[in-house]
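Undergrad: The listed protein sequences correspond, in order, to chains F and G. Each residue of the first sequence is one higher than the one before, counting from 48 in my numbering. Each residue of the second sequence is one higher than the one before, counting from 77 in my numbering.
Among the hints, erroneous ones may be present.
As the list claims (entries may be wrong) - Okay, derived cross-link-like pairs now, DMTMM-like style, lysine to aspartate or glutamate, Cα gap no bigger than 20 Å in a straight line:
(1) G/K130 to G/E302
(2) F/K121 to G/D191
(3) F/K121 to G/E324
(4) F/K246 to F/D226
(5) F/K117 to G/E324
(6) G/K277 to G/E260
(7) F/K55 to F/E214
(8) F/K117 to G/D191
(9) G/K355 to G/E302
(10) G/K277 to G/E189
(11) F/K121 to F/E214
(12) F/K129 to G/E302
(13) F/K281 to F/E125
(14) F/K129 to F/E194
(15) G/K277 to F/E125
(16) F/K180 to F/D113
(17) F/K129 to F/D114
(18) F/K55 to F/D111
Keep in mind the hints are simulated off the structure, nothing from the lab. Every value quoted in this text rests on a predicted model; they were computed, and no experiment measured them.
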Amino acid sequence: MEQYRLEKVAKVFSRQQIALAGIDLSVRPGEKIAFIGPSGAGKTTLFRLLNLTLRPSSGRLWLDGDDVEKLHGKRLRETRRKIGTVYQQHNLVPRLKVIHNVLSGRLGRWSTAGSLFSLLRPLDVESAHQALKQVGIEEKIFTRTDELSGGQQQRVAIARVLIQNPEIVLADEPVSSVDPSLATAIVRLLIEISRDMHKTLLVNLHSVDLALEFFPRVIGIKNGAAVFDLTPEKITDGLLEDLYSGHFPQNGEDDITDENPSPPVLQ
Amino acid sequence: MKTPARLSFNNSEKSVFPYLFGLLFVLTLADSWRRVGVDLLVFFERQGRENIVKFLGGMFPPDLSSGFLALMVGPTLETIQISVMGTLIAIALGFPIGILATRNFSVGGILNEADTAGAPARFALRFSIYCFARGLLSFFRAIPEFVWAFMFVRAVGLGPFPGVLAIGVAYGGMLGKVYSEIFEAVNPRPLEALQSTGANKLQIFFYGWLPQVFPNFISYTLYRWECAVRASAILGLVGAGGLGQQIEISMRMFNFNEILTLLIVLFLMVAAVDYISAKVRAIL
Chain F
48 MEQYRLEKVA
58 KVFSRQQIAL
68 AGIDLSVRPG
78 EKIAFIGPSG
88 AGKTTLFRLL
98 NLTLRPSSGR
108 LWLDGDDVEK
118 LHGKRLRETR
128 RKIGTVYQQH
138 NLVPRLKVIH
148 NVLSGRLGRW
158 STAGSLFSLL
168 RPLDVESAHQ
178 ALKQVGIEEK
188 IFTRTDELSG
198 GQQQRVAIAR
208 VLIQNPEIVL
218 ADEPVSSVDP
228 SLATAIVRLL
238 IEISRDMHKT
248 LLVNLHSVDL
258 ALEFFPRVIG
268 IKNGAAVFDL
278 TPEKITDGLL
288 EDLYSGHFPQ
298 NGEDDITDEN
308 PSPPVLQ
Chain G
77 MKTPARLSFN
87 NSEKSVFPYL
97 FGLLFVLTLA
107 DSWRRVGVDL
117 LVFFERQGRE
127 NIVKFLGGMF
137 PPDLSSGFLA
147 LMVGPTLETI
157 QISVMGTLIA
167 IALGFPIGIL
177 ATRNFSVGGI
187 LNEADTAGAP
197 ARFALRFSIY
207 CFARGLLSFF
217 RAIPEFVWAF
227 MFVRAVGLGP
237 FPGVLAIGVA
247 YGGMLGKVYS
257 EIFEAVNPRP
267 LEALQSTGAN
277 KLQIFFYGWL
287 PQVFPNFISY
297 TLYRWECAVR
307 ASAILGLVGA
317 GGLGQQIEIS
327 MRMFNFNEIL
337 TLLIVLFLMV
347 AAVDYISAKV
357 RAIL
């Protein structure tokens with residue numbers, strides 16, 4: 048059975064800003080897919096739809112056979128538990144210690160009272176330590192998160208996903224804020240985790256090279272639509288040129304994660 | 077980077093509104109001066125001058141006799157206790173209501189988008205809770221603590237307890253309002269990440285929300301406690317215990333030297349509270 052199934056999924060933000068213009072997609076369990084494309088193409092919006100943060104404006108999205116339109120309250124939270132997300136900006140809580148940021152991956156399974164208690168006395172130090180060891184920074188377990196470097200914070204975010212132990216891992220530009228050698232290491236880490244633990248892995252990547260090197264399926268997104276969906280050997284320079292043509296990266300430009308993004312204006 | 081889709085400003089068109097508001101402001105000022113009866117000459121007229129001299133002269137020297145000072149110990153402690161208990165009640169009221177009155181917690185933003193999409197009943201419920209919380213806070217705040225104290229004295233009798241209740245309710249309204257503003261200004265990205273793990277809203281609040289604003293939260297609460305010390309010192313004027321009661325008695329007896337002593341005690345008290353809260357803030 049398919050894990051994700053998208054039919055003509057579109058997302059329009061207020062003021063007629065079209066972030067996604069109708070995407071069809073099907074993902075089988077255990078697949079590893081890289082999404083590439085210019086900034087502002089709608090990749091981040093797509094991921095926020097896939098992890099059930101946003102709702103499609105039109106079209107339909109099924110996750111494990113459930114129509115996400117029908118998920119609310121407790122069932123919505125239980126479904127979100129199945130999906131772990133690594134964000135471009137790490138999205139950790141800066142003033143908390145590393146261990147609490149890692150253990151927050153458990154919140155979906157913990158009771159409210161238990162999770163409050165854990166802020167005073169961490170409930171599962173052993174698992175947190177294990178997860179941090181897996182990403183190579185177990186010595187930072189009791190450090191305050193805002194004292195870590197960008198690359199270390201990204202590892203904490205990955206450890207949080209490990210603790211969450213989801214069926215699907217989404218990583219939205221996980222390496223755009225780290226240097227190239229670390230980028231390769233982090234992508235390799237994500238691939239290993241998903242292979243060893245049989246998880247579906249979807250990654251947004253700035254770097255075409257990393258996408259082509261590590262992923263058996265690569266999807267190009269442009270102007271809120273999928274322009275190709277191929278194995279890496281079928282992706283020609285011409286296709287890549289078309290994907291990025293008409294796009295002039297500007298200083299400070301980034302993929303949009305805001306409520307009011309500035310996507311390509313389709314009129 | 078955020079870029080607005082359309083810039084709707086038109087700078088070439090000059091608006092008359094600034095001038096209109098300027099005029100309105102001047103008129104308001106002039107009329108207020110007249111109606112409130114500001115009369116600076118009162119300080120220079122013979123009668124006024126004599127009153128001031130009598131009052132200020134009567135204050136010196138302050139009454140530092142051991143008998144009067146011993147009499148002050150009880151009310152001073154009581155004033156501090158009223159402020160502490162009142163502030164605790166204010167936090168107990170203001171914190172939960174303030175959370176519900178936080179827009180991006182209760183109704184809007186990324187924590188409610190998926191949950192309320194296509195579920196109008198859910199949205200309506202959240203929106204009414206939000207409005208109710210805001211309304212309640214406004215109501216608590218709209219009535220001055222002095223008037224609350226007056227009403228509570230009628231309800232539960234004289235003594236420190238009505239003072240505690242008055243501070244609790246009035247300051248609960250102020251704390252709740254400011255808490256909600258502090259909470260609304262939080263960075264939503266960590267909250268989104270917590271939500272995506274399947275956490276519920278309370279868990280998101282204590283893991284993502286409160287840690288981000290904690291220093292602000294504490295320092296504003298301490299500031300309100302300072303204000304509560306001052307407020308509880310005068311609530312005695314309507315019979316709600318503390319130093320205020322003594323101030324009223326001394327005023328009525330024209331014992332101005334006692335008044336100066338009381339003012340000194342008040343000053344020392346506020347300075348001490350200020351010192352304590354500065355120390356706490358420095359730790360954060």
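Undergrad: Hint by hint, work out which the structure violates, then give me just those numbers in ascending order.
TA: Per hint list: 1, 3, 4, 5, 7, 12, 13, 14, 16 violated.
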